[in-house]
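S.K.: Listed here are the chains, written in short residue letters.
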Amino acid sequence: MTIILETSNLTKIYGTQKAVDNISISIKQGDIYGLIGRNGAGKTTLMRIVSGLARPSLGEYKVFEESDDNTSLTRIGCLIENTGIYPNLTAFEHLYLKKLAVGIKEKGIENKLLDLVGLADTGKKKVKQFSLGMKQRLGIALALIGYPDLVILDEPINGLDPQGIVEIRNIIEKLNQEEGITFIISSHILDELAKIGTRFGIIDRGQILEEIDRDLLLKKSSDRIELQTSAAANALPLLDQIQIKDYKLISDNLIYIYDSGERTGDISLVLAQHSIPIEALSIHQNTLEDYYLSLTGYAQIKNMGG
Amino acid sequence: MFNYTCMELRRLNKQKSTYIILLTAAILLFGLTLMLNISLKALSNLDNSRNNSLDKGPVTFEISLEEQQSSTPLTVEKNENPDPEKIFAESLEEHLDGEPLVKEDTGEDLLLHYFSGYSMLIFLIIFAALFFTAPYQNGYVKNFLGTTRNRSKFVFAQFFTGIVYTILLFVASVIVLLIAQHIFLADQFPFSDIGGMVKTLIYQLFAHIAFLAILLFIATISGKMSTVLISSFLYYLIGHKLIFDLLTMLINKVVNFGDDWHLRTYTVMGSIAQFTRNIEVKNLTQPLLVCTMIMIIAIGASCFTLQKKDI
Chain A
2 MTIILETSNL TKIYGTQKAV DNISISIKQG DIYGLIGRNG AGKTTLMRIV SGLARPSLGE
62 YKVFEESDDN TSLTRIGCLI ENTGIYPNLT AFEHLYLKKL AVGIKEKGIE NKLLDLVGLA
122 DTGKKKVKQF SLGMKQRLGI ALALIGYPDL VILDEPINGL DPQGIVEIRN IIEKLNQEEG
182 ITFIISSHIL DELAKIGTRF GIIDRGQILE EIDRDLLLKK SSDRIELQTS AAANALPLLD
242 QIQIKDYKLI SDNLIYIYDS GERTGDISLV LAQHSIPIEA LSIHQNTLED YYLSLTGYAQ
302 IKNMGG
Chain B
129 MFNYTCMELR RLNKQKSTYI ILLTAAILLF GLTLMLNISL KALSNLDNSR NNSLDKGPVT
189 FEISLEEQQS STPLTVEKNE NPDPEKIFAE SLEEHLDGEP LVKEDTGEDL LLHYFSGYSM
249 LIFLIIFAAL FFTAPYQNGY VKNFLGTTRN RSKFVFAQFF TGIVYTILLF VASVIVLLIA
309 QHIFLADQFP FSDIGGMVKT LIYQLFAHIA FLAILLFIAT ISGKMSTVLI SSFLYYLIGH
369 KLIFDLLTML INKVVNFGDD WHLRTYTVMG SIAQFTRNIE VKNLTQPLLV CTMIMIIAIG
429 ASCFTLQKKD I
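Chains A and B supply the protein sequences, listed in that same order.
Okay, so the first sequence: first residue is 2 according to the numbering used here, each after it adds one.
Okay, so the second sequence: first residue is 129 according to the numbering used here, each after it adds one.
Hints listed in this document are in silico derivations from the structure and should not be mistaken for laboratory results.
We put the CB at the ideal spot given by N, CA and C, even for glycine.
Do not take every clue at face value.
[Unchecked claim] Derived coverage of chain A by chain B (criterion: at least 3 residues anywhere in the stretch with Cβ under 8 Å from a Cβ of chain B; other residues may be distant):
#, segment
1, 53 to 65
2, 84 to 94
3, 200 to 206
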């Protein structure tokens, strides 16, 4: 598939601090690329650079297989940090201004987009009277003016209610599948990101720790059965006996069995038949959050929290 | 640039402050002309009473404090016959900045005093602080500035919109002043040289646009309304005189350019003060050149700043 965005050793230095440090990523057309990282990890800076709002200190990036100096950037829409709005104008007027700025001639595009993001009934209501969620929706609509090929959304579901989150998720999925729009999305709500992302980049201290496809992530964070027994070594041949091959001996009394939870009955039966005591048998489900925490080394924070 | 200009003109049209500033300017100028009329009537009454009364000469009061302390009596002269010409000029100065008017001045001179006296700059400062900084302050630039590699287009669009507004402000102010002067001061200040007035107003407009370019630069570099307001008003009220008087004094100590030379004449505000109806053609070159140079530098600096700036 066509590479839509490619960065090469992208670096942004503020004073003595590297906000983005030597990042090289590639995003394919049609991807929903989830950028995962804590506050200050460099997500927003990276997004600002690729959306043309900030200049890299070092390195380069190519959008649509063209050099950044020649690209028609009108093919990129973005919502970076909080939505940029004039408090005394209406949602329609905001979209109209953006339409004028990028030279879109299509009539009625404003109402179409307002309808898409669920702001069709705002009428003459000034944006200063909007809730945070409504402002986010307007920001997404502004990013979608002209139906760009690449949309960059920084924390798009911030401040949205659960229903709003689902609606925005559906909009993104719809535009991705029907219009073929590529998305780069950052979010702190990792489970939500996991639901729509097709590829993920985990960023920490300005560096990309790992880029991973959705399928591989699911495999890596797949369910596991945790077996606690005082005779772990004796239990391993029995697992082989019942055709369970994917397991790992973690300690003298702990085995991780990478299999679905449906085999717990078989496991307990065979261990009981051979008089191997079972201290605990539980199903552990890994999440994107667990994966992120284990990769960044912040897993202890979660464990401290209980 | 055309697209951005359309956007900025639309925003200009949609913002309430656009109309509020124009309305405030109109009310203020009308009110000042009315107040001037009232002051002149009072002076006229004073003049009449003076003519009707006898010249009694100075009245002398002898105030004896204590004979032991002072052998010379204190004398206060109370002049019952003040010079109306002097009071007239002082009265006008209360209303207008710049050079005082004299009774022989025409309607054109009175009208132009509002422009050469920096009154319009107040409205331009408020407009620039509100309009030029809004896209940065509210973050709206993030929505479209990433779609171009040449951000100068946006600077030019803002400047062009600012020029349109300055012309609107000038036209509205001139119309209001013409009406007000026709109603209140038609007898005292008749119009005789409309062509000369229009020509001077065009020079003034040019100088005011140059000042607007400086305001645009401050707005682009800071992106904050408060910074534009505070810095501009400080410069307008005290900085302009203080800075350039000090610099002139210092330069004159190093190189003697003569008593008539003043650094302030090489500034936009200095040029605004020079553009009067009586300015000679040979003296036009310098202020026009100063305004042009400052305008080009300010716009160039704005373009450079925005091009290098991270949004």
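S.K.: Compare the structure with each hint and give your call.
M.R.: Evaluation of the provided hints:
1. 53 to 65: Holds: 4 residues of the segment 53 to 65 of chain A have a Cβ under 8 Å from chain B.
2. 84 to 94: holds (count 8)
3. 200 to 206: violated (count 0)
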